[in-house]
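Read top to bottom, the protein sequences are chains A and B. Position 194 (the first sequence) corresponds to 194 in my numbering; numbering is contiguous. Position 231 (the second sequence) corresponds to 641 in my numbering; numbering is contiguous.
Fair warning: there could be bad hints in the mix.
What the hints assert, rightly or not - Where chain B lies over chain A, by a calculated footprint (3+ residues, C-beta under 8 Å):
(1) 19-33
(2) 51-59
(3) 323-336
(4) 340-346
(5) 350-358
Since the hints were derived computationally from the structure, they do not count as laboratory data. C-beta atoms are modelled at their ideal positions from N, C-alpha and C, and glycine is treated no differently.
The chain contents come next:
2 protein chains.
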Amino acid sequence: MSEAVSPFAPDSYPAMPAIAGVTMATAQAGIKYAGRTDVLLMRFAEGTSVAGVLTRSKCPSAAVDWCRERLSGGKAQALLVNSGNANAFTGKKGREAVSVSADLVGDALSVPTGEVFLASTGVIGEPLDPFKFDGVLGETATRLEGAGWLDAARAIMTTDTYPKVATRTATVGGTTVTLNGIAKGAGMIAPDMATMLSFIATDAAVAPEVLTRFLKAGVNGSFNAITIDSDTSTSDTVLLFATGEAGNPEIASDVSDDARSFRAALDDLLLDLAHQVVKDGEGARKFVEITVEGADSDGSARVIARSIADSPLVKTAIAGEDANWGRIVMAVGKAGEPAERDRLAIWFGDVRVAVEGERDPGYSEAAASQVMKEPEIRIRVDLGLGRGTATVWTCDLTKEYVAINGDYRS
Amino acid sequence: MSEAVSPFAPDSYPAMPAIAGVTMATAQAGIKYAGRTDVLLMRFAEGTSVAGVLTRSKCPSAAVDWCRERLSGGKAQALLVNSGNANAFTGKKGREAVSVSADLVGDALSVPTGEVFLASTGVIGEPLDPFKFDGVLGETATRLEGAGWLDAARAIMTTDTYPKVATRTATVGGTTVTLNGIAKGAGMIAPDMATMLSFIATDAAVAPEVLTRFLKAGVNGSFNAITIDSDTSTSDTVLLFATGEAGNPEIASDVSDDARSFRAALDDLLLDLAHQVVKDGEGARKFVEITVEGADSDGSARVIARSIADSPLVKTAIAGEDANWGRIVMAVGKAGEPAERDRLAIWFGDVRVAVEGERDPGYSEAAASQVMKEPEIRIRVDLGLGRGTATVWTCDLTKEYVAINGDYRS
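My request is simple: use the sequences and hints to build the entire structure.
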């Protein structure tokens with residue numbers, strides 16, 4: 001397994017303020033890893049609203065099933081996350097493990113089991129022994145504090161090379177509310193799913209049904225618009241907890257100024273975390289933004305953008321710093337969406353490489369190659385058909401990706 | 411660019427008999443490569459029937475457009491193939507290049523331009539200079555012979571590490587008919603398209619509409635059931651020429667004994683060539699057969715089989731000889747087709763690794779690992795839902811694939 005750290009690993013992390021009504025602690029339960037934390041326990045004030053987006057995989061993990069059942073209640077008082085074992089495809093044993101885990105959390109924090117949320121990440125198919133949490137949770141519950149966000153992000157890492165945190169504020173009814181988020185994920189990342197694990201908490205008061213709509217919309221433009229390898233995890237989970245302790249007037253509609261302010265901060269935070277996930281893509285050395293314009297519809301633009309972003313030939317060309325726009329043409333062509341070869345134009349950065357279905361008459365290989373040497377690359381495709389647009393983000397496909405995934409039993 | 415030869419490169423090639431009514435020669439036109447042939451010229455007896463399956467890419471090459479227009483005529487007297495330049499995404503210049511090329515072939519062989527078929531493979535977006543064929547074709551036309559099949563296969567290679575040829579016979583109305591085929595392709599290979607270039611000729615007499623139906627059905631179970639990297643070429647072309655010179659009673663229906671005999675030979679030949687393409691997959695070290703059974707329908711089985719075959723995480727695990735069946739579960743789950751986690755069973759070779767939604771109680775890591783060390787690996791998934799089945803073939807994803815495609819401007 002590779003020890004290389006992503007070139008996009010941040011030099012420093014934002015100071016993560018405490019969120020009123022949220023405390024946390026991490027612990028070493030020895031589930032798989034030695035010498036590092038692998039358990040995160042979070043506690044939320046009574047009355048905290050919760051919204052969630054879960055994997056669309058037909059083979060979800062036991063924890064995903066558990067969360068799906070409990071989200072309808074809309075209330076949360078605790079979250080337990082472990083790394084090192086996904087508790088996925090573990091059958092009846094998996095269902096027992098989540099039930100025992102929730103009971104242990106309920107006992108340790110004196111909260112109802114129905115308000116305990118669970119997430120697991122790591123190897124698939126290995127039974128998770130919930131009694132590894134026993135004892136650990138009782139002690140961890142005595143150390144809960146509001147300042148542990150960076151440690152929390154570290155405890156949920158698997159092949160991630162850096163912890164992912166982000167914080168934002170918004171003004172709601174004259175009150176400043178704060179949103180903090182953490183995420184993990186470096187492989188098995190595909191768009192159109194709530195991707196991997198991310199947990200966001202805010203002290204804002206937001207009506208549960210509004211919170212759910214905001215989260216779904218925000219995830220659509222962030223976690224659902226990234227792809228590392230087109231593979232979708234069995235365990236993808238994004239949960240948003242709102243304690244309401246900031247004291248703002250509750251956001252009860254989607255369209256007020258307060259709603260827009262909160263939503264802008266939430267969308268921005270989700271996009272920040274999603275970009276951090278892509279930048280830590282397994283083996284990634286390039287961060288790539290792909291925008292498709294002029295499509296028949298936004299949906300069509302998105303399918304084409306993903307076809308480009310998921311193409312192994314596009315991704316290896318980017319790894320090789322090769323301005324190989326012929327592979328962009330190929331990926332547009334295979335997407336199956338309306339496209340007319342002779343209207344197509346393609347840019348790498350600001351360099352137009354193709355126009356009207358052939359190489360740009362003013363094409364400069366040197367200028368295009370210069371763009372490809374940058375760590376962050378923008379690719380733009382104009383189909384010249386309509387007004388549909390979409391942007392997705394991805395990374396390159398390197399030998400390191402193959403090395404990491406030929407070794408790691410994830 | 412790698413010089414490594416596929417471990418599946420054959421030790422010897424079948425003797426390719428002449429096909430009555432078919433002659434050929436190759437030449438060096440210096441289109442891109444130095445010191446090797448890059449042009450194949452084939453001539454078919456007047457009255458030869460032709461059937462074709464072409465890429466479904468929305469951005470097809472100029473030669474594909476040309477073939478699509480001429481296939482409706484159902485007759486062929488010549489085929490010109492070049493390697494080194496795909497003449498794809500070359501706009502008006504590309505259309506002029508195919509027109510000039512067809513004229514040059516028509517002149518060299520004294521055949522009508524409308525019965526000239528063309529195919530090009532190589533770099534996308536680079537204008538093809540058809541006058542490189544001028545002079546070359548006249549001389550090549552003087553060397554046409556029936557015995558050049560292996561040389562023909564060599565002339566159309568790009569990143570292929572070995573030429574791909576196959577031959578079969580069938581008995582039709584008491585007459586032995588022969589089918590010869592060649593193929594090229596090692597990357598940009600995805601299922602559900604006529605994949606890359608393959609040319610088949612037979613001396614059998616087959617009615618054109620029957621020939622077309624046989625080819626479409628045969629391609630569906632062979633070239634359309636393989637995937638190397640999920641990427642689909644702009645130039646994919648499979649053409650089948652039937653000269654009728656064997657003297658058999660014309661096959662005019664789909665259901666006679668003669669039709670069945672011919673079709674069995676054709677299907678077998680197509681599958682042979684398709685397997686050769688996968689075994690020469692860029693960087694491939696493993697040949698993988700994936701069978702999905704117990705699906706809701708054959709179509710559903712095929713989507714799931716492809717989801718497994720195209721998954722970078724499955725393919726890198728196979729490269730690492732890791733019996734990582736959790737990634738098979740992931741790929742089943744992300745396919746979006748009906749699946750029930752708790753009915754799933756998975757085999758590597760004859761080793762059942764998972765059953766009823768969890769690890770097989772009798773699972774032996776050692777036995778599963780032994781299977782993964784073999785060069786050819788069978789993976790079987792039983793969904794336990796219905797009677798739908800499908801088989802697809804793929805290869806592993808290695809560092810070599812990344813190296814080849816980070817360098818080669820294809």
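Structure-based check of all given hints:
{"no.": "1", "hint": "19-33", "verdict": "violated (count 0)"}
{"no.": "2", "hint": "51-59", "verdict": "holds (count 5)"}
{"no.": "3", "hint": "323-336", "verdict": "holds (count 12)"}
{"no.": "4", "hint": "340-346", "verdict": "holds (count 4)"}
{"no.": "5", "hint": "350-358", "verdict": "holds (count 4)"}
Violation of the numbered hints given earlier is confined to hint 1; every other hint is satisfied by the structure.
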